[in-house]
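For the protein sequence lines, the chains are V and L, in the order given. Just so we're aligned, residue 1 is where the first sequence starts under our numbering, counting upward by one. Just so we're aligned, residue 1001 is where the second sequence starts under our numbering, counting upward by one.
Hints should not be assumed to be uniformly reliable.
Restricting the straight-line Cα-Cα distance to at most 25 Å, the calculated cross-link-like pairs of lysine to aspartate or glutamate (DMTMM-like) are [said to hold, decoys possible]:
no.	chain 1	residue 1	chain 2	residue 2
1	V	Lys259	L	Glu1084
2	L	Lys1185	V	Glu81
3	V	Lys259	L	Glu1081
Computed spacing ranges between beta-carbons, pair by pair [to be verified]:
no.	chain 1	residue 1	chain 2	residue 2	range
4	L	Thr1260	V	Pro298	21 to 29 Å
5	L	Glu1289	V	Gly44	39 to 47 Å
6	L	Thr1260	V	Asp204	40 to 48 Å
7	L	Asp1054	V	Gly112	51 to 59 Å
8	V	Val319	L	Gly1044	31 to 39 Å
9	V	Phe271	L	Gly1132	55 to 63 Å
10	V	Pro298	L	Lys1185	39 to 47 Å
11	L	Asn1202	V	Ala212	47 to 55 Å
12	V	Val319	L	Gly1115	29 to 37 Å
13	L	Pro1131	V	Asp204	56 to 64 Å
14	L	Ala1056	V	Phe130	51 to 59 Å
15	L	Ala1321	V	Val319	16 to 24 Å
16	L	Ala1321	V	Trp327	32 to 40 Å
Simulated from the structure, these hints should not be mistaken for laboratory data. All figures in this text were calculated on a predicted structure; none of them were measured in a lab. Each residue gets a CB set at the ideal place from its N, CA and C atoms; glycine is no exception.
Listed here are the chains, written in short residue letters.
2 protein chains.
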Amino acid sequence: MNPSRRLVLGSLGGLAAAANLPAAAAVASPFGMHQPGIGSHAAGQDHTYFAAFDLAVPKRADLVELFRAWTDASQLLMYGEPTEGDSLEALDASPGRLSLTFGFGPGLFAPGKFGLEASRPAALIDLPRFPGDELDPARTGGDLSVQACAGDPQVAFHAVRQLARLANGAATLRWTQTGYVSRPKPSATPRNLMGFKDGSRNVDTTDPAEMARFVWVGDEGPAWMRGGSYLVIRRIRMALEHWDNTKVPFQEQTMGRTKTDGAPIGGHGEFTTPDFKATDANGNYKIAETSHVRMAAPEMNEGIKILRRPYSYNDGTNVTAERWPPWREGLEYDAGLVFIAYQRDPRTGFVPIFRKMSRMDMLNQFTTHTGGGLFAIPPGITRGSYLGQKLIES
Amino acid sequence: MNPSRRLVLGSLGGLAAAANLPAAAAVASPFGMHQPGIGSHAAGQDHTYFAAFDLAVPKRADLVELFRAWTDASQLLMYGEPTEGDSLEALDASPGRLSLTFGFGPGLFAPGKFGLEASRPAALIDLPRFPGDELDPARTGGDLSVQACAGDPQVAFHAVRQLARLANGAATLRWTQTGYVSRPKPSATPRNLMGFKDGSRNVDTTDPAEMARFVWVGDEGPAWMRGGSYLVIRRIRMALEHWDNTKVPFQEQTMGRTKTDGAPIGGHGEFTTPDFKATDANGNYKIAETSHVRMAAPEMNEGIKILRRPYSYNDGTNVTAERWPPWREGLEYDAGLVFIAYQRDPRTGFVPIFRKMSRMDMLNQFTTHTGGGLFAIPPGITRGSYLGQKLIES
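Next up, chain V with everything else stripped away, as it sits in the complex (with noise of 0.2 Å):
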């Protein structure tokens, strides 16, 4: 630990009081029962930059070392302060509604490493290969996940980018995402870059029984998870071109929502419980049997939900060759969706519901996997202590 670092943050009780900078209770603390950006968040926060880190040392002690100085940098870059040697780029910027999540992937469980693999969760298995799975693994993994959301992209970049610097070859970088929410007016539910709105039927984060019931680990996980959660992120390309071809019934019957208002098939209005037995005069589903919303839906998955909080990404356009007819071999856009889902535990969050849509979803002849990790999400650390303390001394 850097001696003037520790200093500066000595003093953050009181540089918080002084008037640039906002109330402690305004900004996001790596300090608490859970991390920031999980429950609380969403309203402002429209950019993400998501780093996984491969670890590149061989002790524990480095691993306390670069754990120490995550947690002191991370407070100062929610306080909107410069780190040592930071590199300024956000100083201007309203930090406020910056929030970093921390997480722990398999690799820093490895036999042999750290001496910490009997203390792996069961929960954080390997993800299965799903059918239809095309994961890069330059853009899959890791031993540690970052991730950062902001009001400012240029905010969370700078928070991730100071991260990687500070931990000084300790941990290098696997690979990144940027992502983003289009901000509806005046507030609505956002839409995904298919045009529907995405979100309609999320875990709500106000109410503490259903956050503690699908998302925040309880008395079943090991200790130093308890109020902690399970990250699968996934990188999923859409072929936007391709759906731009086809017509707003044929993408609302592959929905089994309206595009305009959200509503599901035969309801009225976004927030209407979807009526999965409606049938048609031919008898069939009106929301059709594979539609993505019934695929998805608590009531087809034993009452599971996961919290979804989903950014779409756009990165350009590059040469792909497409999965499903019209095949077609050319430059597309490779933007798509950011998923990324919080849970309890994945052997019955996102495994199982995924499964099932991976073989069967309509959605799927639009969009492939192309990315993504899984990583266990600490709770929030103990004022005084550091990121993975419980962990590394349990």
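Fit chain L to the supplied structure of chain V, relying on the hints for placement.
Positioned in the frame of chain V, the structure of chain L alone reads:
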């Protein structure tokens, strides 16, 4: 021209008066002396999606059809109205600040194509190769360009996506680039990814005399270009890891400005005119001979200014080889600057300025130009006319 689209356009005057649409004066329009997105801009347009297209049709009539469709669609898009077959992902977003700026590349004037070779402006040169250029053909050139600027990245992308679809094969995407500006609080010169303020000495877009002198094509150009401009775009990758490992005093010498407040070295405050003659005790220029501000200054370039409208870009990370010591090959940020400059004539604007800079600017050891192009930006469209009509009938 599709009759239903015509119909919609015909009624736009009435629509604009309706409560749910901004007044005509409040939104950008393709009509007027100049295209939108050049002089009138900036406030709130924090995102860009730039697209270069190749023409895929042989006949002038197809070109007219394309330009008519784009003219009609661009008016709808800037009014926030859906185009025919719209993909709707911007339906709930605020369209108000969208501007679309169209350009013509050298390919439009190729001999034996559309019969326009005699109309190619002398100023629309083939850009020379500059020292250090590493232009990727897959990110360079194009027959047509569209720059969409908006307050929401989805609105900018949406606009280009509709234009690409409505081109109906007559023009196909060649390359694209997203960009953003970090919005300073409450209003200040934005910082680029090097952490320095960028644009302190830009052309004053509110001064018609300066715009006429440096930006708008006058009587020296062909009649169809009067009131137009020339766009130079360069995708400039920054070696941020390398930059972040240098000390601030070195960075300030390289730039010729202080980092925190952006003052020229030896001056007080960002908007002080740099004193290029001031020397230190050893007789060396305070603002180093090969510093970036000296290289770019009008005082060192026969009074020439170009209107810069830069965006940062962030395409994540990929494997690259550094150009300068410490040489390293590995995963690095693919982030930097979308340099965009408008000027009356590139032969007296970008070309001589950058010819010198590309050889001597100290900043070059941290930057690599990886793509770009030069496009003739025709003037605003006469109402009742279409994009490029004056050129095609010239």
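Which hint numbers does the structure go against, in order from smallest to largest?
Violated: hints 4, 14.
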